[in-house]
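Colleague: Could you build the full structure based on these sequences and the hints that come with them?
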Amino acid sequence: MNPANRREMLLQLLRLGGAGAVAGGAGLWLAQRSRKPEEPAATTARHNFTIPPDPSLPEMAVVQGENHGELVRAAVAALGGIRRFIRPREVVVLKPNVAWDRTPEQGANTSPEVVAEMVKLCWEAGAAKVIVADVSINEPRGCFARSGIGEAARSQGAQVVLPGERRFREVDLGGEVLASWPVFEPFLTADKTINLPAAKHHSLTGASLGIKNLYGILGGPRHRLHQRIHESLADLADFMRPTLTVLDAWRVLLRNGPGGGNFEDVALKKTVIASTDPVALDAWAAHAYWNLDANKLPYLEMAAARGLGSARFEDKRISTATIP
Amino acid sequence: MKYGAALAALAAALVAGCGGRRAADDFPRDDEVRGWKMERQPRVFQADNLWQYIDGDAERYLQAGFENVRNAVYQYRGRVEAAADIYTMKNPGAAAKVLDSEADVGSQPAALGDGGKVYRASIVFRKGRHFVRLIAYQDDPDGQKALMELAQAIAERLT
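As given, the protein sequences belong to chains A and B, one line each in that order. In this note's numbering, each residue carries its 1-based index in the first sequence increased by 961. In this note's numbering, each residue carries its 1-based index in the second sequence increased by 585.
Worth flagging that the hints you see were computed from the coordinates, not collected in a lab. Wrong hints could be hidden among the right ones.
What the simulated footprint calls covered on chain A by chain B, stretch by stretch (three residues with Cβ under 8 Å from a Cβ of chain B suffice, anywhere in the stretch; the number is not a length) [unchecked claim]:
1) 1043 to 1053
2) 1063 to 1076
3) 1179 to 1192
4) 1213 to 1223
The beta carbon of each residue, even a glycine, is placed where N, CA and C say it ideally should be.
Modeller: As structure tokens, this is what we get:
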């Protein structure tokens, strides 16, 4: 083929290609114009933020001492350190209990110092963003202010996200009793989730610990969940599997939970418990503070039956320490 | 216009919620009890939205026989903030049931209404079919005495 013919053939191909692209684009445009707008499909994926187990490390760490921050740091270190859980450039959402318009001394929410220390640790691990979020029961702005958690989180550079109406997405939780339910968006978009519950009495379940704290990722009429509370807790634990649970037992609300209010109901335990097994952690704390065995908390056995952890904390590798 | 309608609806709800009596009628006004000022006007919660106020704890009241709760927030001399909840139950027995379910630990009997308990910074009592809870957020040396005066004023207003 001589060069003139080759040039002519290439030009012809380009013309044909251009015409094809124009026709294709027009077809696509027309197809999109004629398509009926669709509702966004409900998210169905489970949110499994867990990391692989490491048999050489403890599965639970119980640390006592005189300083909140030191306890959090030591408990996480005992489990392998924050870099085991958070990778550089990840978006991390922390889920403290900020349910009630109460002061820290009243023991109904997570201690602000625990939240602040966990924010610091996430930055040290190289997190791109640290979000602190909860769907409060009382008015959220008041809860974040009076609990001290809003200020503690912001002072360490975390973003506090309050539950506005537009921040929920309808999600198929795929549970036995929990079907489609509005979920607070930060928990759907993060790379990792760290659960920071407070140790509290609860009038319905006996104790409100890590798994119960996950109610705070949901919007909608949550009171309906109380009708089958144990089944809904097992469903929720199955849907939202945090990377790590760090239970704040600096103060423990022993009675009149979950709202509390009386200083007499609060015991100073100065303890932080961290675990990669949310079921074992709840079982340990229920036993330690309320003398409740797992058979008194059916959601623990339900969650264990689903392979979400073990209610037999005695079988776990537990590290204990006291910081003078 | 929209704002006015919303206010009217709120006012109607407050009145309806208390069987013709305004929610604010049960709460002492500013300085009626020395040093106490109302910081937030009363809100009313009925059986169908009680969970929006005390989710997780609501069942205890509903099972005993609950009608409504009015909540107001007070401040004492700029030092102590306190929440006052007046639960109107279906009958005096229901109010007694709720009071009995309150922990005795750390409490002293309170000579208020038909009986009550006083803690370091909180008070619960019942009068007729009402159950009242006052919670101070700060543990102030004068707080308990001041809270008792506020509780007495509320007890006097309840019929």
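Colleague: May I ask which of the numbered hints given earlier this structure violates, with the numbers listed in increasing order?
Modeller: 1
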